[in-house]
Amino acid sequence: MMKHVDITFGALGFLFSAFAYYYTGTFPEDMNGEIGIAYFPRITIIGLGVCCLLLAITAFINKSIEKSEPFNLKNKGTQRAIICVVATVIYSLIITTFGFLACTVVFLFFLMFMLKERNYALMGTASVLITGGVFTIFNLFLNITLPLGEIYGF
Amino acid sequence: MDFELFVVEMINVLHWQVLMMIFIGVTGGILIGSLPGLTATMGVALLVPFTFGLPLTESIGMLLGIFCGAIYGGSISAILIRTPGTPAAAATLLDGYPLAQRGQAGRALSMSVFASFIGGLTGALIMTFLSPQISKFALQFGAAEYFGLAVFGLSIIISVSSGSILKGLIIGFLGLLISTVGMDPISGYPRFTFGSMDLFEGPSFIPTLIGLFALAEVFKGVETLDTTQKTVAKIKNVFPVMSDIKKCWKVIAKSSLLGTFIGSIPGAGSDIAAFVGYSEAKRTSKTPEKFGTGKIEGVAAAESANNACTGGAMIPLLSLGIPGDAVTAILLGAFVIQGLQPGPMMYVENMDVIYSVFSSMMVANIALLIVGLIGIRFFARAITVRKSILLPTIFVLSLVGAYSMRNSMFDIWLALAFGVIGYFLQRYRFPVSPILLAIILGPMAESNLRRALIVADNSILEVMTKPITATLLTLGILTLVTSILRHRKHSNKIAAMEMLEKGK
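Top to bottom, those sequences are chains A and B. Quick note on numbering: our numbering labels position 73 of the first sequence as 53, and the sequence is numbered without any gaps. To convert, take the position in the second sequence, counting from 1, and add 3; that gives our numbering.
Quick caveat, the hints were computed from the structure, so don't treat them as lab data. Computed from a prediction, not measured in an experiment: that's the story for all the values here. We put the CB at the ideal spot given by N, CA and C, even for glycine. Among the hints, a few may not be true.
[Unchecked claim] Some chain B residues near chain A, calculated using beta-carbon distances under 10 Å:
#1 177
#2 178
#3 398
[As the list claims (entries may be wrong)] Listed below are the simulated DSS-like cross-link pairs for lysine-lysine, each with C-alpha atoms no more than 27 Å apart in a straight line:
#4 A/-17 <-> B/223
#5 A/54 <-> B/390
#6 B/139 <-> B/257
Just need the whole structure built from these sequences, with the hints factored in.
Structure follows, in structure tokens:
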């Protein structure tokens, strides 16, 4: 399995490097010296491209001794991880509208549920206390304004 | 050196009101430093207003206490939850977290506080006695020398990469490429920003760090649902055990000296010092392959180097009036508000204040040891909290930490994106640490190489053959070659063992 991953990663990395190198062509020449704006990015891109190519080739020729679980969408664990990412995206999208306090309590409760916690009293108490604690530390003590929610007029 | 005046100032600092301010500063610094996303810079900036109304000695004591406390505080979350509270603690997690995973969080924390204390005290002592001399040598560091220092730091990319060398290099190059995103350091031209104003300054370091380590760890935790309780070996003694001190004293001594010197170079902060200290400890170790798997020397090297940097950073500030990094820039502002003007004349006109700073720094490090050791039992308990509660807490704290750097939602998105990248990298056995190293050192390498070349009329030979640069580059190449050789030897050993297993 790892062999396929390495070949895919190597090939994709090489294509990415080719695109990035092409993109550096849009950078203007630097008037401050012969070594211009694109010089350092190009060195790193060439290094990246060569290493990706070598990874794909060595994985193709040799049998990789490393093993890893395939990324299978039917796998419950993978599904949980994806749901967690999606939940974070939704949380980040709605936090300015509904405010840190309301969103975080719900988000924490949901994450605990995803982690198979089923003690609802503990989940509820912990969600409220953690949210309140973080809000107090950042908003009140450290003066870092967390979103209070546009729908409440803040 | 006027010893009489120094003793008078030390006695002043030992006054209970000053001591109280130092302890408050250290405690506040540790708390702020341990929160992911809140750096030492932010800690000092946030607490500076509290010092305005205080007398000078108390004010200096509190500020230096915050500075030292915050640098150490970052290691607590790095060791316990794999999230460096400050960039300075990024190197600490390489061995600190594996130790915590093995149930030795207390051991890692006590070594961390002990090494921080020795490092900080060494920095303060060197600052007291050698400030003018060191600042003269540090001023010899031009663009070429900075480039050499960055390359030396980058040379440990392979040695921090467990597993495949190629994968380590790929991630290192990817990190270097990421470090080029944003405005070009010489011309200001925006590179790889695709029109986004948020990327003009490049991807912020803290959200990147939080994403790659904290969020990726949570995603992994959610996937594997490993809800088994982390065990913490019962902490009988908060002091590091004698055998650990014996193992680490050489590393601590070397890293403390290195850290102080790196701190004294303007622009090279404690994050760089920690990686260079770690790199040097690994390079000279008899068992370098064990670094990154939970070796106590790794924690000691990184922590002594980054805290020694606090003393070193005060050297150019006090003797030349040059703030070496963001924290010392804020301290400079605080000194000015108190009616002082750091610089060469301060050594003539305000020698009492200089000694007051030296004394406060030493006492702040002693306070750090006391508060740190008392806190170990409480800190270590954090990972005994149920994982179903702990992981969501880390997650929210990380997102808020990412947001708090610039009050920007973009940084949350950035952290999330790096979280997903970090998750996949871990899943497919790509080492994550090289990306961190590259993002810290890449901008330093690029900007200084280009500046050096402009000065040297594009002669790369002239840049590379400067004595300090040549020494640093040679050390870097040596580190790289020995890492590759050791890596090969290790891989061959594993392959031979596997063949033997198959034969059986």
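The hints, checked one at a time:
1. For residue 177 of chain B, the suggested interface contact is upheld, since its CB lies about 6 Å from the closest CB of chain A, less than 10 Å.
2. Look at residue 178 of chain B: its Cβ gets to within about 9 Å of chain A, closer than 10 Å, so that hint holds up.
3. Hint status for residue 398 of chain B: holds, given a least beta-carbon distance of 6 Å to chain A, under 10 Å.
4. Between the alpha carbons of residue -17 of chain A and residue 223 of chain B the distance comes to roughly 22 Å, so the proposed pair stays at or under 27 Å and holds.
5. With a C-alpha separation of about 25 Å, the suggested pairing of residue 54 of chain A with residue 390 of chain B holds against the 27 Å cut-off.
6. Restraint check: the Cα-Cα separation between residue 139 of chain B and residue 257 of chain B comes to about 21 Å, which is no more than 27 Å; the hinted pair holds.
In terms of the numbered hints stated before, the structure departs from none.
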